[in-house]
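Chains as they are written, first to last, in my numbering: chain E, 1 to 490; chain X, 1 to 514.
It is possible that part of the hints are untrue.
Straight line, CA to CA, 25 Å or less: simulated DSS-like cross-link-like pairs of lysine-lysine [claimed, not checked]:
{"hint": "1", "chain 1": "X", "residue 1": "Lys439", "chain 2": "X", "residue 2": "Lys376"}
{"hint": "2", "chain 1": "E", "residue 1": "Lys133", "chain 2": "E", "residue 2": "Lys123"}
{"hint": "3", "chain 1": "E", "residue 1": "Lys462", "chain 2": "X", "residue 2": "Lys420"}
{"hint": "4", "chain 1": "X", "residue 1": "Lys514", "chain 2": "X", "residue 2": "Lys491"}
{"hint": "5", "chain 1": "X", "residue 1": "Lys455", "chain 2": "E", "residue 2": "Lys427"}
{"hint": "6", "chain 1": "X", "residue 1": "Lys276", "chain 2": "E", "residue 2": "Lys431"}
Because the hints were derived from the structure by calculation, they are not lab data.
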Amino acid sequence: MKTISIIALICSFLTQFALAQNELASPPILRVTSTLQGYNIAQPWEKSAPYNRRGLGIVVGKNQILTTAEMVADATFIQLETTDGEKSMTAVTVAIDYEANLALLAAKSGEDTAFITDMQPIKIHDHAKLNDKVTIFQVEDNGMPLITTGVIRGADVISSFVDGHFFLTFEIKASMQSASNSFTIPVLKDGKLLGLLTSYDSKDQLVDCIAPEIVNAFLKDALDGDYNGFPSLGVDTASTNDEAFRAWLKLSDELGGIYINKVLRNSAAQRAGIKVADVLLKVGDHAITRRGYYTSEHYGQLYWSHLISGSNTIGQMITLTLLRDGKKLKQEVKLARKEEGIIPSHTYAKAPRYLIKGGIIFQELTLSYMKLFGDKWRSRAPIGFLDALNNPQDYEKGRKRLVFLSRTIPTDATLGYESIRTSIITKVNGKEIADIPALIKAFETPGIDGIHTIELDDNINKIYLDAKLSDKVDATFLQQGLPSLSREKE
Amino acid sequence: MKMFKPFIIASSALLGSTIISSAQATPAPAPAPAPAPAAQTLAPAISTEDQVKASIYKSIVKIEVATQTADYKTPWNSGRFAGGTGTGFLIGKNRFLTNAHVVSNNKRVFITMHGSARKHKARVLHIAHDCDLAILEIDDFTPFEGLKHLEIGRIPQLESEVRVIGYPVGGDRISVTRGVVSRIDFNTYAHSRADQHLVVQIDAAINPGNSGGPVLQNGKVVGVAFQGLTSADNTGYMIPTPVVNRFLKDIEDGQYDHYMSLGISEFPMFNPAMRKVYNLSEDDPGVLVARVIAETPAAKALKEGDLLTAIDGYDVDSSGSVMIEGARVDMNEIVERKFAGDKVELSFARDGEKQTATVELTHFTAAQLQTVQYGKRPRYTIQGGLVFQPLTLNLFIAQRLDSPRIRRLIARYVSENIFKEREDIVILTSVLNDPVNEKLSGFSGNAVESINGIKIKNLQQAHELLNPKELPEFFVIRLDGVSRPLILPGKNINAINQRIQQTYGIGSPSFLTK
Numbered sequence: 001m002k003t004i005s006i007i008a009l010i011c012s013f014l015t016q017f018a019l020a021q022n023e024l025a026s027p028p029i030l031r032v033t034s035t036l037q038g039y040n041i042a043q044p045w046e047k048s049a050p051y052n053r054r055g056l057g058i059v060v061g062k063n064q065i066l067t068t069a070e071m072v073a074d075a076t077f078i079q080l081e082t083t084d085g086e087k088s089m090t091a092v093t094v095a096i097d098y099e100a101n102l103a104l105l106a107a108k109s110g111e112d113t114a115f116i117t118d119m120q121p122i123k124i125h126d127h128a129k130l131n132d133k134v135t136i137f138q139v140e141d142n143g144m145p146l147i148t149t150g151v152i153r154g155a156d157v158i159s160s161f162v163d164g165h166f167f168l169t170f171e172i173k174a175s176m177q178s179a180s181n182s183f184t185i186p187v188l189k190d191g192k193l194l195g196l197l198t199s200y201d202s203k204d205q206l207v208d209c210i211a212p213e214i215v216n217a218f219l220k221d222a223l224d225g226d227y228n229g230f231p232s233l234g235v236d237t238a239s240t241n242d243e244a245f246r247a248w249l250k251l252s253d254e255l256g257g258i259y260i261n262k263v264l265r266n267s268a269a270q271r272a273g274i275k276v277a278d279v280l281l282k283v284g285d286h287a288i289t290r291r292g293y294y295t296s297e298h299y300g301q302l303y304w305s306h307l308i309s310g311s312n313t314i315g316q317m318i319t320l321t322l323l324r325d326g327k328k329l330k331q332e333v334k335l336a337r338k339e340e341g342i343i344p345s346h347t348y349a350k351a352p353r354y355l356i357k358g359g360i361i362f363q364e365l366t367l368s369y370m371k372l373f374g375d376k377w378r379s380r381a382p383i384g385f386l387d388a389l390n391n392p393q394d395y396e397k398g399r400k401r402l403v404f405l406s407r408t409i410p411t412d413a414t415l416g417y418e419s420i421r422t423s424i425i426t427k428v429n430g431k432e433i434a435d436i437p438a439l440i441k442a443f444e445t446p447g448i449d450g451i452h453t454i455e456l457d458d459n460i461n462k463i464y465l466d467a468k469l470s471d472k473v474d475a476t477f478l479q480q481g482l483p484s485l486s487r488e489k490e
Numbered sequence: 001m002k003m004f005k006p007f008i009i010a011s012s013a014l015l016g017s018t019i020i021s022s023a024q025a026t027p028a029p030a031p032a033p034a035p036a037p038a039a040q041t042l043a044p045a046i047s048t049e050d051q052v053k054a055s056i057y058k059s060i061v062k063i064e065v066a067t068q069t070a071d072y073k074t075p076w077n078s079g080r081f082a083g084g085t086g087t088g089f090l091i092g093k094n095r096f097l098t099n100a101h102v103v104s105n106n107k108r109v110f111i112t113m114h115g116s117a118r119k120h121k122a123r124v125l126h127i128a129h130d131c132d133l134a135i136l137e138i139d140d141f142t143p144f145e146g147l148k149h150l151e152i153g154r155i156p157q158l159e160s161e162v163r164v165i166g167y168p169v170g171g172d173r174i175s176v177t178r179g180v181v182s183r184i185d186f187n188t189y190a191h192s193r194a195d196q197h198l199v200v201q202i203d204a205a206i207n208p209g210n211s212g213g214p215v216l217q218n219g220k221v222v223g224v225a226f227q228g229l230t231s232a233d234n235t236g237y238m239i240p241t242p243v244v245n246r247f248l249k250d251i252e253d254g255q256y257d258h259y260m261s262l263g264i265s266e267f268p269m270f271n272p273a274m275r276k277v278y279n280l281s282e283d284d285p286g287v288l289v290a291r292v293i294a295e296t297p298a299a300k301a302l303k304e305g306d307l308l309t310a311i312d313g314y315d316v317d318s319s320g321s322v323m324i325e326g327a328r329v330d331m332n333e334i335v336e337r338k339f340a341g342d343k344v345e346l347s348f349a350r351d352g353e354k355q356t357a358t359v360e361l362t363h364f365t366a367a368q369l370q371t372v373q374y375g376k377r378p379r380y381t382i383q384g385g386l387v388f389q390p391l392t393l394n395l396f397i398a399q400r401l402d403s404p405r406i407r408r409l410i411a412r413y414v415s416e417n418i419f420k421e422r423e424d425i426v427i428l429t430s431v432l433n434d435p436v437n438e439k440l441s442g443f444s445g446n447a448v449e450s451i452n453g454i455k456i457k458n459l460q461q462a463h464e465l466l467n468p469k470e471l472p473e474f475f476v477i478r479l480d481g482v483s484r485p486l487i488l489p490g491k492n493i494n495a496i497n498q499r500i501q502q503t504y505g506i507g508s509p510s511f512l513t514k
């Protein structure tokens, strides 16, 4: 083991010598140690056990440290440390984008920031090219840099930390080794920052790295003090490379275009009047191919969504060229942030809302809840939940979130209901349930007989609770140490 | 000699349908000629008890079956040819009782008498997949004339000893094992996968080939051996006599009419708030009617939210049980014991008002979506290489359909009356790759919602829409939960179909007969 690390050390020295001409002697890298603690999704009134994550950050401006969102999502404590471990201080998150997987940190007020302000902030590239040579910076326990070189093999629009949100990412071929700070590793080119490493596949020796276009857009947005996030069109698309389908759509051979499968509720596309079955031919001046790609300046073929989210800001107007019923039309769209929909794709920095009534636990459905059903949750989760996830349009009426009965604790008030779990709630005391606050309000007015009526989408579609008895039961939960019977604010 | 593991279905195992391989290939050694007794006095005296036992053996027959099992993945093919053995026994003149699963999907059935080499060609006279029983008859009954007809007895006592007789794997001749009755309970019948009836568990070794054999006590049949458990040793299950007797009574009129069902799902009436809403005191009987399935006997009288208080005068308690002959059983047991055309009296309360209604019982066919089908040729139709099949449990298992939308359709097919509008749920099961459909293979495993704008109700209709007299410019096929329609060109489709049929070796582009 020892020999190996010595060899590694020598190698890194050698590499550094080789690169000395082009690289900064020491890029402004800091160790980041965070303590993360999220909520227990199954028991939303409590938090899960805290755990630590160690990674790196890089100074990009005065008291501005860039790292990934994954490093500091749900952080209760963030510490920054020089690579040699000599100096440290507590940091706070200034801006965070879970979808793009980026976060900007700053010293907590009152901390001595001198050692950071002394560091020369790193400059950031505007873009890269395929086959560019890059250096990946890690730090050994003893503070020595561990440098790996790699080559940009490809650029793709993929999701990193949160499923379903796609951003320009480089695929870099590099043979890395694990070091003490394996999260969030800066990737440099010619002494300037290219992006942050988000994952490494040791089998294929491939690195995913957030592209500088995304980093720059994030920083620009974050530094004005009010973070807005990346824009999205809010559509789901399908390719048009099927000849019969093209003929039916009246798409002539010289046209590319992708079929609009779904238009999300309250999205930029919906507000602009884009319809299902439209064909998107162009975004701005860029023609879209049958499979959804356009020819980018630096990276060859890129997926069309980068033209929206990676190249524009919220509120910006863009022009789309569409084919509707065989006729071309131009459509101005004012870009907006992606709506989270009735089932949010993530719940970082949010406390899950819930209500306990007489022993029945009500929650709002999130992707994190569905993932409690294990790796195969896409087939194992309750069918009703999967259906709502795949076909939200069938559930959106009257709802902001999908409120469901997660389980039933056996109490005097829930006698006979023990088997009811994971059922979607339709009404309580005759009122539609948009979210947990609406549910809490609906429970405030039981029927004149002092009975709550709960309507649900299950084998039994109506159950009842005695209002007085459930209040009595709820009081015992509080006595037994439950912190609160509900959480109304996220 | 190779030992056979039970044929596994769900957690239970069927015991009859083992495929004969080595057992059949190795000829049984000819019985050695019995040496002539040296002296009369040395020969053991044959007691009458042993004579009775031996005479019973002759009435217990070996059943050899050749089967053809449809392959729902390639419905145009002939399916899989195989075979198996089981046991049966004589219960009347030319009436052999056995399990339905022993003779399911059969092409040919032979019966062999104990101690004889002659194979008698047999026919299935009645088959009841829901209770896994069947009656066979043979062309020439003469050799069996005069043999004892086994008598059907009662449910054996717990802990009492029983004998299982049959022709299980491990040899060619008759085998006898003994065991003790260890449990009497309601349990799933693995053959249909959906039906639950009374089951008696015994600790005798029951093995493949025992299926359909009698379980005897004091010379009378107390059950029919039918399934085992793969996860536990020494557990055999038999069909007890009430189920056997019900089957025999059902077929008295010459046809099997299945079990009757009331057509409701109930919810226990334990909750104090629920009882308050229904104005019930602590001792009041009644279970909540949670769902009423359309076109069932219950639909003629009951509504969701009614309180069912009594069936045929038996008080229904708040969990849905009734007391019959001193035992607390599920209220559906009253209906289970009845036959097609029998009436049942329902007492219920609606909006606090007591009512009574008498309804005639019928068999509910829509529930068949949830049971395995046997002896049927799978239906299908193919257009442009797209294979369409109606959803059955067989198809669901064969194709491993896992789309949540389809699982939801199955789960709600009966309870939400989807069957009223969609007699068949037509599934795009596979795409036979061809230039005409090369981009469509990812869409298989979804249900067809409409073809050319017309909602699909059954396979026949889908077939007609896909094969109109005049070909349209396009066939527009919309799938449940899939936004993008599938498009097939009408032009040249007949030539394309011929090409696909030839490439994939498909004899007929459709089979629609139910």
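Status of each hint after checking the structure:
1. Straight-line distance between C-alpha atoms of lysine 439(X) and lysine 376(X) comes to about 33 Å, which puts the hinted pair past the 25 Å bound.
2. Taken as a hint, the lysine 133(E) and lysine 123(E) pair is honoured in the structure, with Cα atoms around 17 Å apart against an allowance of 25 Å.
3. Under the criterion of a C-alpha separation no larger than 25 Å, the hint pairing lysine 462(E) with lysine 420(X) is consistent with the structure, at around 24 Å.
4. Restraint check for lysine 514(X) and lysine 491(X): not satisfied, since their Cα atoms lie roughly 31 Å apart, outside the 25 Å limit.
5. Straight-line distance between C-alpha atoms of lysine 455(X) and lysine 427(E) comes to about 31 Å, which puts the hinted pair past the 25 Å bound.
6. For the hint linking lysine 276(X) to lysine 431(E), the alpha-carbon distance of about 21 Å falls within 25 Å, and the restraint holds.
The structure is inconsistent with the numbered hints 1, 4, 5, although it conforms to all the rest.
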